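One letter stands for each residue in the lines below.
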Amino acid sequence: MQKKLNIGLLIVIFILLAVPFVVPNSFYLDLAIRMAINAMIVLGLNLLIGFAGQISLGHAGFLGIGAYASAVLPTHFGWHPLLAMLGGCVITGILAALVARPIFKLKGHYLAMATLGLGIIINITLRNEAQWTGGPDGMPVPPMSLFGTEIYSDKTWYWIVAALLVIAVWASQNLIDSPFGRALRALHGSEVASQVVGVNVVRYKVSIFVLSAVFASLMGSITAHYIGFVSPNFADFFHSIELVTMVVVGGMASVFGSLVGAVLLTALPQALTSFEGWETVVFGAILMGFMIFLPKGIVPTLAAKFGKGE
Amino acid sequence: MLAEFLQFLFSGLTVGATYALAALGFTLIYNASNVINFAQGEFIMLGGMLSVFFTMAGLPMPVALALAILVPAIVGVIVEKLAIEPVKGAETVTLIIITIGASLVIRGLIQVWLGKGTFALPAFSGEEPIQILGATLMPQSLWVFGVTAVVVAVLWYFFNRTLSGKAMLATSFNRLAAELVGINTSWVLFMSFAMSAALGALGGILIAPITMTSYDVGIMLGLKGFVAAVVGGLGNGLGAVIGGLLVGILEAMGAGYISSAYKDAIPFVLILFILFFMPRGLFGGKSTDRV
Chain G
1 MQKKLNIGLL IVIFILLAVP FVVPNSFYLD LAIRMAINAM IVLGLNLLIG
51 FAGQISLGHA GFLGIGAYAS AVLPTHFGWH PLLAMLGGCV ITGILAALVA
101 RPIFKLKGHY LAMATLGLGI IINITLRNEA QWTGGPDGMP VPPMSLFGTE
151 IYSDKTWYWI VAALLVIAVW ASQNLIDSPF GRALRALHGS EVASQVVGVN
201 VVRYKVSIFV LSAVFASLMG SITAHYIGFV SPNFADFFHS IELVTMVVVG
251 GMASVFGSLV GAVLLTALPQ ALTSFEGWET VVFGAILMGF MIFLPKGIVP
301 TLAAKFGKGE
Chain X
1 MLAEFLQFLF SGLTVGATYA LAALGFTLIY NASNVINFAQ GEFIMLGGML
51 SVFFTMAGLP MPVALALAIL VPAIVGVIVE KLAIEPVKGA ETVTLIIITI
101 GASLVIRGLI QVWLGKGTFA LPAFSGEEPI QILGATLMPQ SLWVFGVTAV
151 VVAVLWYFFN RTLSGKAMLA TSFNRLAAEL VGINTSWVLF MSFAMSAALG
201 ALGGILIAPI TMTSYDVGIM LGLKGFVAAV VGGLGNGLGA VIGGLLVGIL
251 EAMGAGYISS AYKDAIPFVL ILFILFFMPR GLFGGKSTDR V
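Top to bottom, those sequences are chains G and X.
With my numbering, the residue at position 62 of the first sequence is 62, and numbering never jumps.
With my numbering, the residue at position 284 of the second sequence is 284, and numbering never jumps.
Bound conformation, chain G alone (with noise of 0.2 angstroms):
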C-alpha cells in the first residue's frame, strides 16, 4: 500500500493544474473554486459520517462560525483576517468539544436530532444578532490579506484553494490510514467490538468530531473571504442537509467520492436554472433517485463495478 504510487492524488492535482486552462470563462472558474471548498468540507464531513459513521445535520453551523468570525471580527473589532480565521476554529472547536461528550453518548437519530438542533440554534442566532450579523441579509466581508496584499482575483484564489485542496485529500489518505483512521473504521463496524480490542471510543468519536467541525469553520472563513459576503443561509438546516448529500452521493467512507459528489452538486443547481421553477422538484426526485439506485454512493459502486479498491 505504501511503495503504491499514489495515483488518485496524481489525478487530482493533474485536474487541478488543467482547470484554468480550459475553462473558457471567469463564471466557470467561480464554480471550480466553489466546487473545491465544497469538496474540502465534504472530505471533512465524510471523516465523520463515512469512516466514523456518525451523523452530523448541522455542520453548516460550523461554517456559518467561521464564515462570520471572518465577518465579524475584523469589521466590528479590526481583527487581522487570518487571526479572524484562527479565532473562527476556535470558537468552534471549543463549542464543539464541549457539546461532543454529551452528544456522542447517543446514536443514529437520536445523534441526528442532536446535531440538527444544534446547527439550527446557530443558525438562528447569527439571525437575530443584528447588531453584530446585520441579521437576516447578512453582512460584507473584508478581503483577506496575506503578507500586506489584499486578495481579490478569482485566479489567486483558485491556485490556493487547489493548493489546500491537494493537501487535504493527501491528509485524509494518510488519516485514513493511520492508526487514528483504523481505530474510526473499527468503531463504525462495532462500536462494542472495538472497545474490546481496547479503543476509546468516545475519545475517538469526540476528535472526529471536534476535527471535521474545525476544518468547516476554516473553510467557512475561506468562503466568506473568497465570495465577500456573509448571510445566514449559508448556515442553514437545508445547507447542512446538501452537504450530507454530497457524501452520501459521492459515496460514504471514499475519499475520491467526497470530491465527486460535492462538484456534481455544486453543479446541480447551475444546471437546474433552466428549469425555472421547477428546481426544488427535480432536486429532490435527482436526490431521491440517487439513495434508491446508488445507496452506497457513485464511487464506491463504481469501484464495485470495475473490481479494484481505493
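Treat the hints as calculated values from the structure; they're not laboratory data.
This one's a predicted model, so the numbers in the text were calculated from it and none came from an experiment.
Careful, some of the hints might be misleading.
As the list claims (entries may be wrong) - Going by beta-carbon spacing under 8 angstroms, a handful of chain G positions derived as facing chain X:
(1) Ala-114
(2) Leu-118
(3) Ile-241
(4) Leu-287
(5) Ile-292
Glycine residues also receive a C-beta, built at the ideal position from the N, C-alpha and C atoms.
Take the given structure of chain G and dock chain X to it, following the hints.
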C-alpha cells in the same frame, strides 16, 4: 399575571397539539420501519394548503377538509411505495436523504401549483374570542384540543383493542417475529405511512386558521414535530403526545417571557438539554445492544 400566563398556555397548547399530531406521525413510521420521515412536515403543509385550495374552489367545508386529509394520505403511500420500500435496510443517513428528497418534491410541486403566497383558512366556528380569567381563547383552539383528544383516544383504542392495531404494534417490537406469526408487514408499512400523513395533514388543517399557511411552513413544523417525538422518546406514542404539548407550551412561554425572536430556537435548546441528561428522551426505555 395569571391572565398573561393563561394566554401563553392556551397558545402553547394549541400549537403543541399540532406538534403532537406530527410527532405521532413520526412515531408511527419509526415504529413500522425505523425510518425518520423528514417529509412529515410537508404533510402538515399539504393539509393546510389543500384545505385552503379546496374551500376556495367552492367545495363545502366538510368535503374540502376530508379531501385535504385524503390526498396527503395518498401522497404518503406513494412516497412509501416508490421511495422507502425499494431501499429496505439502507443506512440511516441514506433514508434521511430519501425522505428529504421527497419533502423537496412535495414542497416544490405545491410552490409551482399554488405559488408562494400566504393563505388563511376561515375558522371552523366563528372568530368570537372566549374570555377565561382575563385571557382570550379562540374557538378554533377548542377545535384543536377537541379533535386532537379524539384522535389520541381513537389511536389508543386502535392499538390496544383491534387486531390491525396489535399487528402494527407487534411489527414495531420485532418485525421478523411478526412475519413468522403471519402479519403482513408490508401492509403495516403501508398503513403507517397513510396514517401518519393523515395525522400530519389533520394537524395542518386545524392550525391553518390560526397561524396561516404557505408552501414552506412544513420545514419548521416538521422539525419541531421531530423534536416532540424525541422529547417523549422515539417510538413511544404517549411520549409523542406529551412531548408535543410540552414543546408547544415551552415555546409559547419562552416567546412570551424571554424573547420572541428566539421562539424557534426554544424547542431545539430543550431537546439538546433533554438528550444531554436523558439520552433516550423522557419516556424512552433503557436499551441494550445485542453484539
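Status of each hint after checking the structure:
1. At a threshold of 8 angstroms, the smallest CB-CB gap from Ala-114 of chain G to chain X is about 5 angstroms, leaving the interface hint in force.
2. Interface hint status for Leu-118 of chain G: upheld, as the beta-carbon distance to the closest one in chain X is roughly 7 angstroms, under 8 angstroms.
3. Checking Ile-241 of chain G against chain X: minimum C-beta separation of about 6 angstroms stays under 8 angstroms; hint holds.
4. Below 8 angstroms, beta-carbon pairs count as interface contacts, and Leu-287 of chain G has one with chain X at about 3 angstroms; its hint therefore holds.
5. Using the Cβ-Cβ criterion of 8 angstroms, the hint placing Ile-292 of chain G at the interface with chain X is satisfied: the shortest such distance is roughly 5 angstroms.
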